[in-house]
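J.: Residue numbers (the numbering used here), protein chains in the order written: chain A, 1 to 412; chain B, 1001 to 1348; chain C, 2001 to 2549.
The hints are simulated quantities; they were obtained by calculation from the structure and are not laboratory data. All clues stand as given, with none of them false.
DMTMM-like, lysine to aspartate or glutamate: derived pairs with alpha carbons at most 25 angstroms apart:
1) K237(A) - D1033(B)
2) K212(A) - D2346(C)
3) K265(A) - D204(A)
4) K315(A) - D2095(C)
5) K357(A) - D378(A)
Here are a few chain B residues that sit away from chain A, every Cβ distance over 12 angstroms (derived from the structure):
6) W1012
7) L1014
8) V1022
9) F1088
10) A1101
11) A1112
12) V1123
13) F1198
14) T1209
15) M1211
16) T1213
17) E1220
18) K1234
19) L1326
Backbone N, C-alpha and C fix where the C-beta goes; we use that ideal spot for every residue, glycine too.
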Amino acid sequence: MRNILNILLAAVGVVVIAHAASAATVGPVTDPLGVIRIAKGAPIQIGAYWVLSGADTALGLDEKRGVEIAFKDVGGKVLGHPLKLNAEDDGCNAEGGQTAATKLAANPQTVIVLGPACSSAATPGAPILWQQGIVNICTACTAPALTASTRKPEYDGFARTVFSDSEQGKADATYVHNVIKAGSVVTIHDGSPYAQQLQQVMADNFKKLGGKVLSQEAIAPTDVDMHPLLTRIASEKPDLIYFPVFTAAAAQILRQAKETPGLEKTKLMGGGSLLSAGFIEAAGPSVVGFIIGYPDLSPEAMGKGYPKFVTEYKKDYGEAPISGYHANAYDGAMLAIKAIEKVAKADKDGNLYIGKKALRDAVFAEKFEGISGPIACDQYGECSQFKPSVLEFNSADPKIFGVGTNPKKIWP
Amino acid sequence: MARFNAVDLVLWILRVGVLAVVVVGTIATLIADRYTAAQWFDFVMFGLTIGSIYAQIALGYTMVYGVLRLINFAHGDIVMTGAFAGYFVATPLDRSGFLDAHPVLGMGAILAVAIITSTSIAVLTERIAYRPFRRVVGLAPLICAIGVSFFLEQTFRGMFGSAVKSYPSPSWQRATFAVGGFNVPRVDVLVIGLALVFMGVLYLIVQRTKMGTAMRAVAEDGEAAALMGIDVNKVVVFTFILGGAMAGIAGVFYAFVYKQVYFFMGFTPGIKAFGAAVLGGIGNIPGAMLGGFFLGMVESVGPTLFLDGLGIPAPYQLRDLIAFTLLIMVLIFRPQGLLGERMARKRA
Amino acid sequence: MMRRAVLIGLAFGAGAVHIAIVGVLLMLHQRWIVIDVMTLGQAALFLIAGGAGAMAGRPLTGLVAGAAAAVPVAALAIIMNTVPLQWMFIALSNDLFQMLTLGQGLASGCIILIGGGALAGLLGALWRTAPALLRRAIGPGLIAVTVAGVFQELIQLMLQNYEGPVSDLREFIYTWEGLSPQGALTIFLVVAACSEIFGSIWRRRAARLEVRDHRRERLVWAGLALAALVLLPAVAGSYVGQVLMLVGLYILMGMGLNLEVGLAGLLDLGFVAFFAVGAYSTALMTADSPHALMHLTYWEAMPIAVLLSIGVGVLFGLPVLGVRGDYLAVATMGLGEIVRVIVQSDFAAPLLGGAQGILQIPKPSLGNVLLGNPVALFYLTLVASAVAAFVAWRLENSRLGRAWMALRDDEDVAQALGINLVRSKLLAYGLGAAFAGLAGSIFATMLSSVYPSSFQLLISINVLALIIVGGMGSLPGVVLGSIALIGLPELLREFGEYRYLFYGAVLIVMMRLRPEGLWPSDVRQRELHATDETVALDAGTDALPAQPR
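Hey, can you work out the whole structure from these sequences and the hints?
T.: Take a look at the structure:
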C-alpha cells in the first residue's frame, strides 16, 4: 500500500512539473516558451475547435470551410510541409471547449489553433492552449471580455479576426435610434451568453442615445409558445423588438409576432446567429422584411479577395456560404500561415523549427489586407476592423439564401 | 414524533409561501392594470391551445401507466414521429395547392399518415422494448424507456437532419374568428375543438367498447383480469395503439400551431404532459384532459398574473418554474391528483 | 431451418439499413482501420453479416443468413439508384451509394455485396465451430488491430510524447493518416501469438484453482486494471487525463446517486441540482469576479460547498418525503429543473451571474504547486473518489446502510421494524448530495468557469444510466459504468453526433440482456436470480403486467 502511494505521489509530481511550456533550444531556434520541431516531410499540424454537431453545426462548418479554402489558396503547403487541420467538435459549450482544447494542447505537434465559434467554449479553452504556449486565433467568438484591456495574462495567447459584441450592439443601437428612429425598444434573449450580452450592450447604448428600453425579456431556447410573451410585450407598445437569439426560438418569435394584436407596426430585429438558410426554412414566409445587424460583408466593404473566395466556396461545396463567419475564418487561417512563414526556420536536413513565443509575437505584429477587411491586432488580440451594416431578408425560399442577396444589405 | 412535526412545519411554510406569492402577485398585477380584457382573453386562449395538446399527449401517458405501471418516457418522441410524418405529407400537399383547395381532405390525409406512423412506432416500441420487462420490478423498464427515447430522437435526427423544418401555413388557418368582440385565430379554435372531439371519441372507446372495458379491468387488477380470461397482451397493444394515435394527432396539431418540426421537439412537451397526467390523477382519463388544460393555462397566464406584479424581470423565463412548482405542490399535497387516480392498488 | 436463417439474416440486414439511413455507416466508412485496406464502415457491414451467420449456426445456414443480411442493403442501393430520396433522408447521399456498391456500379456492386455477405455469414458460422486454439489467437488479434486503427489518433498522441525507439515504432506502425498495412499485420501477429502463449499458460493455472480463488483472481485483475487506470494519465498525457477526470466526476456522482437509488431506493432524477449547488457555491466563494461573495482558497471553499450541498439535499428531500416510486422520479426531476431555471434566470442574475455564468475561478494549489493541468486535477478527483468510495463502502455495511436497504425493499415493513423513515431518507438525500456537491466543486475549478447550460436534466439521466449499466448498488459497477458511458464516448469524439444514438441502443440492449448491470453487487445478483426462479415457477401466468412493489 505504502509503495503504491509513493509511486502515485511521484507520478503526480512528474506530471505537474512536466506539463507547462518551458524554455528550450532545439536546432537553430531558442524560445522562452519552447520549440516545435517538424521533421522533414511531416505535416504542419494546425488545430481547430468549432461546433460541428447539433443545432448550430452550420456556424462551425462554415468556418471550417473558410479555413480549408485558405489552405488550398496557399497550395496546401507552407515552406514545403503539407498543412494538416485537426478539427475538434466543441459542442458550443464550456465542457466541450475544455475537452477539445485539452486534446489539441496534448498534441506536441500542434503549432497554432483556430476557432472556436462560441465564446463559452473559448473562455476555458484559450488558457489551456496558452499554458502550452499555443496561440489561439478565434474566428467567431465575439464576447467583449476575451479581448478587453482587463483580460488576464492567461489569455495572452488569444487573438481574434472577428469583432466584439460591444461593437455590434453599439452599431445596432445606433441604427435603431438614428435610422429607424425608434423611440422605444423591448429586447429578448434566450439565456445563452451570446444573446444575453448582445441585447444588454444594445440596450445600454440605446439608453445612452436617449431611447427608452421598456423591458428586457427572456425565454428558454426550446420555448415554442411565444404568444403570451408577445401579448405582454404588446401592452408596452414598443417601436422595435430586438432579439438576437438562435434559430428555433427566433423563428417562433418572428412568426407569432405577426399574429399578435398590437404588434402590427412594431419592427423586429435579430442578430448574426440568424444568418443561415436554416433560419429562412424555420421562419417561413414571415421572414420577409426581417432585419438583422451584422458586420458589412458586401464586396465594397470587404477586402478585394472576397468575391473570388465566394466563387471558390461555391465551387468546392456546391452551395453559397452557409453562415456568416467564413471570411473571418479564412483570414484567421491566413494570419496563422503568414506568421508561421515568418517565424519558422529550417535546418540543412529540411526539418522545420518554430519558436512558440516568436510565433505569438508574429501573429500579434502581422498586418495584411484580409478578405474581411484589414487585419491588424491590437495588444489585446483584437485583429479585425468592424464595419456595421444591416441586412434584410427578402425571400422565404431557403434555396436562394445568400449573404448580400437574401438577406440584402439595406444600410449603410 | 417531534420530527414529524418539524416536517409538517416545513410543508406548511412551503404551502403558505407559495400561496402568498401567488395571491400578492395576482393582486399587484390586477391593481397595476396594464392589460386590457382582450389581452387577458388572449392569454387564456393561448393557454387552452397548448393545453389541448398537452391533454392529448397526457392521455397516452396515463393509459400506459394505468395498464403497465410504466412511465413511457418515449411518448413525447412518438408525438415527434407523428409530426414528422405529417410534415412529409403536408409539404407536397401545400406546394401543389391541394391543402388550400381541400382543407378537410388535406387535413384528413395528414392526420391519417401521422396516426399510422406514430401508432406503428408505438406498437413496435412496446413489442421490442417494453414487453420483455412485463414482469421485471424496479428501474429496468424506466431505463429502457429512456433508451428508447434517445434512440427514436437520434434516429430521426440522423434520417432527417437536425435543422428545424417548417410546416406550411395555408390561408384558411390564418383567418381569425370574432367571438363576442374578441378576435381568435382560427387555427386555435380548430385545434381545441378537434382535440375535444378526439378525446371524446377516446373516452367513449375506453368506456363503452369491450376492449376498453378489458383495459380498465387490467388497470384495476392485472392478475384478476388475466384470471378472468382477458388476454393481457392484446390489451397492452390496444393501449399503445390508442396512445400512439392520440400522440400522432397531437403531433400534427402541435406542428400546425407552432409550425416547427425537429427531432427534439417531443421531449419537453412530453415531460410537461406527464406532469399534466399526474396533475389530473394518473390512470384517470378525464383527469389527464383536465390536467393538460390546467397546465397550459397556468403556463400561459401564470407568469404575467403571478410574477408581473412582483416586478420580477423576464417572467416568461420562469415559465417552467411555475409549471414544475405546480406539479410538485400537487404531488406533495394531493398526490392522488385533481380528480383522483383510478388505480386500486397502492402506488408503486 | 432455412427459413429461420433467412429471417435472422433479414433482421440483421434491417439493422444494417438502419445505420445506413441515419448516416452512421457513411461516417464509419470515412474512418480507416487499416489505410487503403479496410474502413470501419466496411468492417461494420462484414460484422453484421458475420453475426447473422454465427447466430444461424451451421456453415450452410450461416451462408444463407449472411447473404440474406446483405439483401436489404442491396435493396437500399437499388432504391437509391432509382428514386431520389435525399430530399427526405439526408444521409442517402451519392457517397453512401458508392460505398455500398464499392464504386463498381449497381449490378456488380449488388453481387459483390451479397457474395461478401454470404462469405461473412459462412465465416461467422465457422467461427462458432472453429477449434479453440484458432479462436483464441485470431479473436484478440483482430480486436487489437481494430483498436489500434480506430484509436490511432489517440495512440499517436501518446506516442508522440516520446523520442527514440518509441518514435521509430510509431513510424513503423502508423503513417500520419492511420494504421499502415505492415503495422496492422505486425500487431495482429504479435497479439495473436501472445494470446496463444499466455492463454494456454493461464488456462493450465486456472484449472488448478479452486472456485474461491477465482474470485480472488478476479479481484487481483480488477486491482491491476485500476492501477493501470491510475497510472495511465501520467504516462499518456493530459488529454487522457482530461477524459479520465470527467469519468472520475461521474464516478463521484454515481456513488452519490447509488446511495439514494441503489441503497435507499429513492429514484432521483433531479440529482444535477446538487452538482450545480456544489459548482456554484465554489464559484461564488473563490472566483475573482464581481459576483464573488468572498475570496477563499479552493481548499477552504470545497468543504463549505459540500456542506451546502448536504443542506440543499436535505431541503430537497423534505417536501418529497411522502412521495413514492415513479412519482418521486417526477417530483425530483421537477425540483432539478427548478434549480436549473433559477440559475439561468435574469431574476437571480444579480447573485448568480445568469446566462454569463461566473468566470475566473482559480485552480487549487498544493503548497507551491498549482494544480493547473488536467492530469493534476485528475489525481485530485481520484483522491476525492477514493475517499468517497471508502465512505460509501462503510455506509453500505453500516446500520444506516441496512436501514436504507430495508427501506428500499419495503417502506412499511421498515417503519414497522422501528426504522426512522424521515431520518433515513433525509440522510440518503443529504449524503448523496454531498458526493454530487464535491463533484460539482471540482467541476467548477476544472472549467475555471460555470455556465448554467452545464446543468441539464441530461446529466441526471446520465448518472442514473451509468449506475444501472454498471450494476445497481455496486461500487465497481459505478466505475465500469462511467468508463463505458462517459469515457468511451469522450474518446470517440468525432462520432459525437451519434453519441446518444449508441447510448440509447446500449441502454435498451443492456436492459434486455443483462439487467443486473456489468458488475452487479452480490446481494443484487442473488435477488435477481431468486426472481428468476419465481418467474420459472409461475410461468403459467407469464403475460401478466409487472405489479408494483
